[in-house]
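These protein sequence lines are chains A and B, in that order. Residue numbers for the first sequence follow my numbering, beginning at 1 and rising by one. Residue numbers for the second sequence follow my numbering, beginning at 1 and rising by one.
Honestly, the hints are just simulated from the structure, not real lab data. All values reported here derive from a predicted model rather than from experimental measurement. Heads up, some of the hints might be wrong.
Claimed, not checked - Label-pair restraints from in silico Cβ distances:
hint: 1; chain 1: A; residue 1: Y311; chain 2: B; residue 2: E434; range: 23 to 33 Å
hint: 2; chain 1: A; residue 1: G252; chain 2: B; residue 2: P276; range: 45 to 55 Å
hint: 3; chain 1: A; residue 1: T63; chain 2: B; residue 2: L433; range: 35 to 45 Å
hint: 4; chain 1: A; residue 1: N256; chain 2: B; residue 2: R435; range: 24 to 34 Å
The C-beta atom is built at its ideal place from N, Cα and C for all residues, glycine as well.
Below, each chain spelled out in residue letters.
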Amino acid sequence: MTWTRRQALRTAASTLWLPFLPSILPREARAATGEAPRRLIVWFLPHGMQHVHVAPEGGALETTTVTEPIATLPGRISVVTNLNNSSGGGSHGRSTASLLTDIPGPYGVAEAGISVDQLAAGEYALDVPFPSIQLGTEAPGLFGSSGEGILVSRISWANATTPLAPITSPQAAFDQLFEGQDNSLSESEAARRRALRHSVLDAVKDRISSLEPKLSTPDRHRLDQYTTGIRELERRIDGLGELQCEPPIRPGLNPNYVETVELMAELQYIAMSCDLTRVATFMYGPSASDITLPDLSINQGSHQLSHAWSYDDGANGDFQAMNQWHVAQFVAFCERLAEHEDQDGTDMLANTAVVLGSEFSDASAHTSDQLCMLVAGGEAGGFRPGRHVNGGGQPHANLLRSLLTHMNVNWSGFGQNGTGVLGL
Amino acid sequence: MRTPFSIAPGLVLALAGCSNGTLVEEDPVGPPGVQAMSRLNRVEHENTLDDLLGIASRARERLPPDPVAEGFDTVAEGLVLTPAYAQLYERLTDDALARFFGDNGPPSPDVERIVSCDLDVEGRNCVQQIARDFLLEAWRRPPTDEDVAWVVALYNRGMDLEATPTEAIRLAMKGILLSPEFIFRPEPTPGEDQIRSLDGFEVATRLAYFLWSSTPDAELLAAAASGALLEPGGVAAQADRMLDDPRADALVENFAGQWLDIRRVKTTQPNPDVHPFFDDGLKASMQAEMRSVAEPFLRGNAPFDTLLTQQKSLIDRRLALHYTMLHQPGADGMSSLEGTGRQGLLTTAGWLSITSHPDETSSVRRGHWILEKLLCDSPPPPPPDVESTVSILPDGSVRQQEEAIRQSGDCAACHNLMDPLGYTLHGYGPVGLERATDRLGFDIDDAARLEGTPVSGAAELADWLLSHEQVDRCVTKHTFIYALGRAPEEGDDQVIDQATRAFIEAGRTFPALIEAIVTSRSFLDATGAPEVTP
């Protein structure tokens, strides 16, 4: 049923009505069907999920220092272990870029493939104002000024050469999501303003068309992204006024790291509960992030700890405490979803697959062959969370395929190394 | 013979340094490298709006940080535009025009210059006049009749929607500022593998974004229009003029800000338990000191050597307290460093902090930085199958710990290159203070052998670096990347050689290097990209 509606929308959109298609069905209509959308959220914790710090000893689910916070949400979060990312390993950049793409780019070159979240986002692009959102923080990184800088700081890829930069300012993210919601205007004045915006965007599309023939093929590809962005914006302008959620308070400028993490989690929660988007990725920081957590008296940088933990007991303790804090933020976010009643009467977490993953399984050695992740929710898609799922060395691409299955998206052709679907 | 930018045949060569500083004498050259179309980065976007409209737009705050490729956020390959930008651009353009027309304050003094006629009285002619003038400035080239007609059509569309003439012209300006001609720097392709000379406006645009991080001014556009720019000596004359302009501070802010990592001080976080006073104010003071060391070279007032040897710098009260020295600036505002054991960039607290761990120095980071930034010989990231076998000394100095960790075969090859450079600066702690003992209480040992030469301390390191055969070419290479927004390719080798030679012959002065680059074929020609992307 969902499938049919979506197909119908896509077919219609691609022929005739693209710029003027209402972006979402009226809420009452959806409530009547009792359907809730599937959602996908992936959080990236730079080098934080060490196999030896996360994996339970036996087959059963047991928490460790790092995963202890998941006990507050029993039965809703699985610990997944022993997944092999053979596209990663070695460099920070490749391991990060391949985490959601399963494509290893050449060393130090900003190339990978489409990421799992973007594949899912494309499928629902016409159903929501924002096909996907990418959020992050201003965490300082070791590779700030080298060629690895791009690879380590993006996990979402629109295609092989278009990594999507996360928005790192909560205020900018807020403005992006809630811009243009002005309920004080009369209906006719609001319509006139929409028409004015459309006239400019139409004119800009004409400029793009007239410029394209003069450019080389690679340069035309660069412009394509702008056209896509303008089309998405046009659909959002048409959808204004249909959104029925109260925007939260606009965040201030320059929050610190901890505040940024909390604000970004809140914005994801609101964006999902208002159905502004169904796909989000969030990066606690780039791979080789060097954040400290002074509030917890952890004053060595994250990247330094990610190496030192293996031979220094003090660093080992600090590193686990730092990662536990990050897991706790993830769990608190999942709890917010679990407390929110969804349109089908279940909770929002049941319709959402929420993943926490890292690029390395042993950051001190830069290995990616025993990856551990947390997977929460997703019951609507057949997930049975609350377990220890031992991947037994399967490709991590199998987990990515499972996420696509949850999203009702065909995964054939995705990535490089998949051999099956991981039972989550 | 190994050319400086050939790819080393194996890891060993790469580690030993692919560059041996030899200058290629005659040209086996191909065409200059292909220039990808550049998007204005967020700093350039803001500067351009501000210079164009006479406002302070703060537009950069509305855009995400730009990706850094090849060390700079001016590199076109990294400046991907993602769909989210469409909305961000629309909003920041609305903001900028609101400031320009004075929605919530005084209007820009440039309103009368840009809206130069009476729309109510002169109507269509007035719109055309505004369009012609503003398009030239905003798109950095003379508009065609079609371009003008496009603006008039957008204006008319606004009038149809019951806009006032001022609202309609604002709508047209919004369209101009959201057009790809403004947001990008398109240079029409000459066709696959073809080469063409850029026209005067394209050269003016490259010059302005290189030297000012902003749009060409009226004089530069006039030189492009009259043809004077492309006459012999024309580009050099404009470059000279532009370097004297305050806008050339952008070279300190953006080029040195990234090449010398002055920007990174802002995100440095030493251990607050040990360094509780390391706050934003101190970071700003540190950045100001680094700039004061870089500025004489970058503004053309002193040779490159001063960057590493200058014995004075800008030390404000806050930084003087940090250094525990008296705040006694000279007439020029700079403090003398004579007798302090400090000289040049590599002993500034800012540089020493960004190349340290939060609570200890890192010879690796310091050595790696010097290799990458001054010798262009940085080792590759650890190989994929690197074994992290680490032994820890029960009692040994910080330096001995560092030496022990890297002794394993896999690591030694790279670290034997990086670490000794860092050892020479062991006398400076993690936030840049001089020290006699390390964190563990051991005496400082800052003696090292660099390519066979015994070197200890900052002064000897500076001398060693300044006599190194790779340093000139490395300065040239970084400047080239920043200027062109791309890494040099094989066809640019000769240009880099010539520019390096010009730099050396002119006593290592920056204006000579700039002139050599902006008058080279890499800067003045465009090469067509392959039509099929790999």
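Results for each hint:
| no. | hint | verdict |
| --- | --- | --- |
| 1 | A:Y311 <-> B:E434: 23 to 33 Å | 30 Å, holds |
| 2 | A:G252 <-> B:P276: 45 to 55 Å | 25 Å, violated |
| 3 | A:T63 <-> B:L433: 35 to 45 Å | 44 Å, holds |
| 4 | A:N256 <-> B:R435: 24 to 34 Å | 30 Å, holds |
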